[in-house]
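**Student:** One-letter residues, chain by chain:
Number of protein chains: 2
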Amino acid sequence: MTSAWVQTLKLSLPSLKDNTADADRLIQALKSRLGAGDIAVNLDLLRVLPDILRDADYHIRCVLYKDRGGWGISGVLPAEDQAPVLGMAVDLGTTRVVLRLVDLADGRALEESSFDNPQLEVGPDILTRIHHADSQEGQNHLQKLIVDALNKEMAALCASRGVAATDVYLMSIAGNTAMTHLFMGLNPRWIIREPYIPVVNRPVTHRASQLGLCANPGARVFVFPNIGSYFGGDLIAGILYSGLNLREKTAILVDVGTNAEVVLGNKNWMIACAGAAGPALEGGAARMGMMAGPGVIDRVAINPDTFQMDIHTIEELPPVGICGSGLIDLAAQLFLCGMLDIRGKFVVSACGDRLKEIDGLNHLVVVDQQVSATGRDLSISQADIDSLIRSKAAMYTILETLTASVGMAPRDLTRFYVAGTFGSFINPVSAISIGMIPDLKLDCYQTIGNSSLGGAARILESSELFEEVDRIQGSITYLELNVNQDFMNRFSAAKFLPHTDPSLFPSVKIKPM
Amino acid sequence: MTSAWVQTLKLSLPSLKDNTADADRLIQALKSRLGAGDIAVNLDLLRVLPDILRDADYHIRCVLYKDRGGWGISGVLPAEDQAPVLGMAVDLGTTRVVLRLVDLADGRALEESSFDNPQLEVGPDILTRIHHADSQEGQNHLQKLIVDALNKEMAALCASRGVAATDVYLMSIAGNTAMTHLFMGLNPRWIIREPYIPVVNRPVTHRASQLGLCANPGARVFVFPNIGSYFGGDLIAGILYSGLNLREKTAILVDVGTNAEVVLGNKNWMIACAGAAGPALEGGAARMGMMAGPGVIDRVAINPDTFQMDIHTIEELPPVGICGSGLIDLAAQLFLCGMLDIRGKFVVSACGDRLKEIDGLNHLVVVDQQVSATGRDLSISQADIDSLIRSKAAMYTILETLTASVGMAPRDLTRFYVAGTFGSFINPVSAISIGMIPDLKLDCYQTIGNSSLGGAARILESSELFEEVDRIQGSITYLELNVNQDFMNRFSAAKFLPHTDPSLFPSVKIKPM
Numbered sequence: 001m002t003s004a005w006v007q008t009l010k011l012s013l014p015s016l017k018d019n020t021a022d023a024d025r026l027i028q029a030l031k032s033r034l035g036a037g038d039i040a041v042n043l044d045l046l047r048v049l050p051d052i053l054r055d056a057d058y059h060i061r062c063v064l065y066k067d068r069g070g071w072g073i074s075g076v077l078p079a080e081d082q083a084p085v086l087g088m089a090v091d092l093g094t095t096r097v098v099l100r101l102v103d104l105a106d107g108r109a110l111e112e113s114s115f116d117n118p119q120l121e122v123g124p125d126i127l128t129r130i131h132h133a134d135s136q137e138g139q140n141h142l143q144k145l146i147v148d149a150l151n152k153e154m155a156a157l158c159a160s161r162g163v164a165a166t167d168v169y170l171m172s173i174a175g176n177t178a179m180t181h182l183f184m185g186l187n188p189r190w191i192i193r194e195p196y197i198p199v200v201n202r203p204v205t206h207r208a209s210q211l212g213l214c215a216n217p218g219a220r221v222f223v224f225p226n227i228g229s230y231f232g233g234d235l236i237a238g239i240l241y242s243g244l245n246l247r248e249k250t251a252i253l254v255d256v257g258t259n260a261e262v263v264l265g266n267k268n269w270m271i272a273c274a275g276a277a278g279p280a281l282e283g284g285a286a287r288m289g290m291m292a293g294p295g296v297i298d299r300v301a302i303n304p305d306t307f308q309m310d311i312h313t314i315e316e317l318p319p320v321g322i323c324g325s326g327l328i329d330l331a332a333q334l335f336l337c338g339m340l341d342i343r344g345k346f347v348v349s350a351c352g353d354r355l356k357e358i359d360g361l362n363h364l365v366v367v368d369q370q371v372s373a374t375g376r377d378l379s380i381s382q383a384d385i386d387s388l389i390r391s392k393a394a395m396y397t398i399l400e401t402l403t404a405s406v407g408m409a410p411r412d413l414t415r416f417y418v419a420g421t422f423g424s425f426i427n428p429v430s431a432i433s434i435g436m437i438p439d440l441k442l443d444c445y446q447t448i449g450n451s452s453l454g455g456a457a458r459i460l461e462s463s464e465l466f467e468e469v470d471r472i473q474g475s476i477t478y479l480e481l482n483v484n485q486d487f488m489n490r491f492s493a494a495k496f497l498p499h500t501d502p503s504l505f506p507s508v509k510i511k512p513m
Numbered sequence: 001m002t003s004a005w006v007q008t009l010k011l012s013l014p015s016l017k018d019n020t021a022d023a024d025r026l027i028q029a030l031k032s033r034l035g036a037g038d039i040a041v042n043l044d045l046l047r048v049l050p051d052i053l054r055d056a057d058y059h060i061r062c063v064l065y066k067d068r069g070g071w072g073i074s075g076v077l078p079a080e081d082q083a084p085v086l087g088m089a090v091d092l093g094t095t096r097v098v099l100r101l102v103d104l105a106d107g108r109a110l111e112e113s114s115f116d117n118p119q120l121e122v123g124p125d126i127l128t129r130i131h132h133a134d135s136q137e138g139q140n141h142l143q144k145l146i147v148d149a150l151n152k153e154m155a156a157l158c159a160s161r162g163v164a165a166t167d168v169y170l171m172s173i174a175g176n177t178a179m180t181h182l183f184m185g186l187n188p189r190w191i192i193r194e195p196y197i198p199v200v201n202r203p204v205t206h207r208a209s210q211l212g213l214c215a216n217p218g219a220r221v222f223v224f225p226n227i228g229s230y231f232g233g234d235l236i237a238g239i240l241y242s243g244l245n246l247r248e249k250t251a252i253l254v255d256v257g258t259n260a261e262v263v264l265g266n267k268n269w270m271i272a273c274a275g276a277a278g279p280a281l282e283g284g285a286a287r288m289g290m291m292a293g294p295g296v297i298d299r300v301a302i303n304p305d306t307f308q309m310d311i312h313t314i315e316e317l318p319p320v321g322i323c324g325s326g327l328i329d330l331a332a333q334l335f336l337c338g339m340l341d342i343r344g345k346f347v348v349s350a351c352g353d354r355l356k357e358i359d360g361l362n363h364l365v366v367v368d369q370q371v372s373a374t375g376r377d378l379s380i381s382q383a384d385i386d387s388l389i390r391s392k393a394a395m396y397t398i399l400e401t402l403t404a405s406v407g408m409a410p411r412d413l414t415r416f417y418v419a420g421t422f423g424s425f426i427n428p429v430s431a432i433s434i435g436m437i438p439d440l441k442l443d444c445y446q447t448i449g450n451s452s453l454g455g456a457a458r459i460l461e462s463s464e465l466f467e468e469v470d471r472i473q474g475s476i477t478y479l480e481l482n483v484n485q486d487f488m489n490r491f492s493a494a495k496f497l498p499h500t501d502p503s504l505f506p507s508v509k510i511k512p513m
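From first to last, the protein sequence lines stand for chains Z and C. Quick note: the first sequence uses the numbering used here, first residue 1, plus one each step. Quick note: the second sequence uses the numbering used here, first residue 1, plus one each step.
Errors might be hidden in some of the hints.
A pair counts as met if it fits within one copy or between any two copies, since identical chains are not told apart.
Unchecked claim - Derived SDA-like pairs (lysine to any residue); straight-line CA-CA distance at most 20 Å:
#1 K267 / L413
#2 K267 / S381
#3 K31 / D67
#4 K144 / V122
#5 K17 / N484
#6 K17 / L479
#7 K267 / G162
#8 K152 / S113
#9 K31 / R471
#10 K31 / A156
#11 K31 / E467
#12 K249 / A276
#13 K441 / P78
#14 K441 / M290
#15 K17 / L481
Just so you know, the hints here were simulated from the structure itself, not pulled from any lab data. No experiment lies behind these values; they were computed from the predicted model shown.
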């Protein structure tokens with residue numbers, strides 16, 4: 001695979017018969033190579049171009065970028081020069097920032113690293129940060145935090161491969177609307193105030209230096225566009241990565257997290273919405289819930305005859321807690337073997353002495369204190385289960401509402417993309433069993449992991465996708481989720497396991513009582 | 001007249017039903033107003049845009065520029081804000097720099113000023129300066145000289161109208177290729193070395209700040225393109241100003257100076273050449289020759305019967321010397337009344353005692369020492385006349401060669417534009433009489449003055465001309481003047497008064513002997 005971002009060219013030599021200027025000679029060759037319109041050359045490059053061309057005998061590698069005005073040149077190197085020409089894809093998360101270093105010549109991924117967003121010191125949630133940015137000092141502070149951290153991580157990541165950050169010529173940044181605003185030093189205050197207006201939907205390809213990034217002096221930074229305050233570039237990147245935008249048949253993309261962000265569509269149209277799915281899905285709500293990590297329960301099986309629990313922990317260490325995917329597994333297994341009823345209540349007869357009442361609330365011991373790493377019982381309460389059920393019901397209701405808006409039902413889908421780190425770990429059988437996602441054939445489900453980073457990297461692989469990103473941005477209709485009677489009816493029906501209408505989930509077979 | 005550079009817009013207010021971002025809302029309104037493609041907004045503007053829009057209730061004046069990628073926004077002001085929005089046209093001459101301040105809203109000229117190019121301290125001619133720029137320090141020095149002087153003059157010119165240089169949002173610069181390179185800080189060394197390659201033919205619209213210019217922080221600078229080392233943006237601007245590029249019928253444009261720069265063509269094609277016409281035409285060669293100024297002879301008439309000379313001086317002061325146009329007038333009058341023969345030699349019998357032999361060379365006293373301001377005779381030598389004749393022959397030969405290259409003769413022309421300050425003062429009857437320019441009807445001649453400045457100002461009047469400049473640049477074929485046998489034959493024939501073939505100049509009636 002070769003990417004158009006790096007072009008090796010042997011220019012015709014200047015002569016009395018062809019006295020075209022250096023820059024225009026280069027541009028002409030690139031235009032005919034790329035079939036492109038005009039190609040921009042910045043003043044800084046013009047200042048060094050004559051020497052580079054003559055030293056290289058007009059045999060050069062040219063590094064390109066794209067802007068909405070067309071192609072531009074970010075750097076020119078002698079063809080013989082073996083210096084790497086790199087790209088940096090960035091998933092600019094509110095909590096975690098992930099970088100992927102790629103070879104810009106062929107799009108090959110070289111290395112990846114991540115770090116906690118240093119803005120966490122200001123506030124874990126984006127709302128606190130936006131308020132912090134109410135003063136210009138606060139806004140500058142937040143920008144400096146993320147830019148400094150990016151520079152540091154970028155330098156370290158490059159160093160780990162024996163290259164330099166100045167070898168990076170093109171960066172792509174996918175993040176939510178507030179994060180990209182803070183990163184670009186744009187005032188985010190109107191994002192959270194009615195009617196929720198970002199400063200910009202489609203940023204241009206800015207100069208890295210103008211953003212304070214220590215990449216190559218000519219480097220450019222493409223920031224993924226958003227379609228509003230609540231649907232950011234990370235999701236546009238996710239769509240690009242999934243390929244939903246190219247499919248004939250309608251598919252759905254779900255980015256599962258504290259918010260469920262959902263896109264339904266095909267190559268011709270897309271509708272999107274975002275809704276609070278509740279923290280239960282990320283494992284943050286249950287008393288024993290926690291983020292995935294060593295010793296965290298991520299898979300659960302229950303022998304329907306003996307009710308024996310077979311738990312699996314990350315790195316197979318003594319159990320410390322349970323993460324979202326483990327919780328879904330647990331709830332599904334409890335339900336399937338009759339320990340939870342269709343309302344999600346513990347069935348006392350089936351749970352036996354695993355059930356303990358604490359403060360008037362039923363708790364099911366999942367891991368005995370003798371086995372747990374904490375020395376205490378790891379248990380799940382009825383409240384934890386109720387919370388999970390509200391979350392899964394919200395998720396299913398969002399899916400139902402979105403599909404209904406185009407006259408479809410969730411089960412009509414033939415492709416279901418699950419994005420997000422968390423999404424990668426969900427066992428679809430379990431998620432179907434509790435009625436969180438529709439009862440599709442398993443091969444309809446495709447987990448795509450960090451699709452924001454994936455999309456950011458894709459654009460570094462192939463320049464043709466640049467325009468596709470804008471096409472995606474332009475073809476999405478954002479559906480405001482109105483919590484109206486329809487929605488509430490759907491939500492109530494979805495609060496059963498798997499659903500008040502079990503015919504929607506024919507594959508879910510409960511242990512006969 | 002209104003120019004598209006400044007657009008007053010009342011944007012639709014953001015609402016929950018239309019949450020388009022601020023920048024994209026502005027861009028959408030501009031796109032529909034201008035029928036344009038995408039419109040670029042720089043990061044600096046994005047950083048202040050939300051406050052400007054809200055303070056102005058989304059009723060704004062938007063200042064635009066054009067680049068080859070399309071339109072861009074250089075500034076946004078509240079519609080109520082009465083601050084002027086200005087443009088600055090610059091004729092960046094090797095010797096003299098002329099500025100014209102214009103109102104960008106309607107293209108109206110407000111004020112003009114000029115100053116000596118401070119690079120003169122390095123060298124009066126461009127060659128010396130290019131050698132000075134061989135070192136990076138020298139190149140930087142030359143750039144700083146011109147940029148500092150431009151900033152100073154721009155500030156003074158603005159102050160004289162009670163406005164500020166920061167009110168200038170768009171500048172257009174027309175200069176020869178070497179001057180524009182020095183101005184932009186581009187290495188000019190290859191301009192004067194075979195095969196004479198500029199760094200760039202078509203510069204983009206750079207940011208004023210990147211060029212060190214103290215205009216508005218968002219201001220843009222359009223530098224006219226060149227078609228090579230010897231045909232610069234000043235001439236492209238001149239073509240634009242003449243309107244030759246729009247005519248059905250083929251016309252010619254001559255910029256007369258030390259070099260004669262000539263363009264022949266119409267709306268479909270243009271050919272151009274530049275040739276040394278010799279310094280005689282600028283009055284620099286004759287012993288009594290000088291630049292136009294107070295007391296300089298600019299018009300001469302001779303009574304054919306009495307041989308009485310009637311001279312006119314600038315500001316009607318006692319005569320100090322003669323300028324180019326005066327010299328052409330003098331030579332024509334001497335020839336028409338028989339004091340010069342067709343070879344341009346003084347006719348002793350006709351010149352009488354005005355003729356004096358000094359060092360074996362004939363001198364004709366034009367102004368007696370009793371009348372001259374210098375206290376000495378102002379005289380013209382045979383060598384001065386010979387030099388003038390070589391110059392006028394070179395000029396005519398260039399015209400003949402250029403027209404012949406497309407199967408025309410100079411007399412086929414119906415429109416003859418004379419550009420350049422010097423050109424403005426030539427009496428066409430006299431120039432025809434000596435055979436310097438073809439024997440066309442007088443109303444075919446049109447003097448257009450400083451066409452470089454004129455063209456630079458035109459583009460500030462109407463944005464549609466932006467693309468026309470590139471069209472002109474792209475439709476010119478540069479004709480290398482080969483001093484071959486054909487050329488020498490033509491030159492020899494043109495060294496007579498008016499020509500060896502008098503049938504080419506039927507209107508020239510010599511006093512019967």
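**Student:** A separate judgement is required for each hint: does it hold in the structure or not?
**Tutor:** Quick rundown of the hints versus the structure:
Taking CA atoms no more than 20 Å apart as the test, K267 paired with L413 passes inside one copy only; the shortest distance there is 15 Å, against 60 Å between copies. Within a single copy, K267 and S381 get their C-alpha atoms no closer than 45 Å, and across copies no closer than 85 Å, so neither meets the 20 Å cut-off. When the C-alpha separation of K31 and D67 is checked against a cutoff of 20 Å, the pair qualifies both within a copy, at 15 Å, and between copies, at 17 Å. Taking the closest pair of Cα atoms, K144 and V122 come within 20 Å of each other only inside a single copy of the chain (12 Å); across copies the shortest separation is 45 Å, beyond that limit.
In this assembly of identical chains, the alpha carbons of K17 and N484 lie at most 20 Å apart only when taken from different copies (17 Å versus 75 Å within one copy). Only between protomers do K17 and L479 lie at most 20 Å apart by alpha-carbon distance; the minimum there is 10 Å, versus 61 Å within a single protomer. In the homo-oligomer, the alpha carbons of K267 and G162 never lie at most 20 Å apart, since the shortest distance is 41 Å inside one protomer and 58 Å across protomers. When the C-alpha separation of K152 and S113 is checked against a cutoff of 20 Å, the pair qualifies only within one copy, where the shortest distance is 12 Å, while the shortest distance between copies is 51 Å.
In this assembly of identical chains, the alpha carbons of K31 and R471 lie at most 20 Å apart only when taken from different copies (17 Å versus 23 Å within one copy). Taking the shortest Cα distances, K31 and A156 never come within 20 Å of each other, neither inside one copy (36 Å) nor across copies (43 Å). For the identical chains of this complex, K31 and E467 are neighbours both inside a copy (17 Å) and across copies (18 Å), given an alpha-carbon limit of 20 Å. Taking the closest pair of Cα atoms, K249 and A276 never come within 20 Å of each other, the shortest separation being 27 Å inside a single copy and 71 Å across copies.
Taking the closest pair of Cα atoms, K441 and P78 never come within 20 Å of each other, the shortest separation being 54 Å inside a single copy and 58 Å across copies. Taking identical chains as interchangeable, the C-alpha atoms of K441 and M290 are never at most 20 Å apart, the minima being 30 Å within one chain and 95 Å between chains. For the identical chains of this complex, K17 and L481 are inter-copy neighbours only, at 13 Å across copies versus 67 Å inside a copy, given an alpha-carbon limit of 20 Å.
Comparing the model with each earlier hint shows violations of hints 2, 7, 10, 12, 13 and 14; every other hint is respected.
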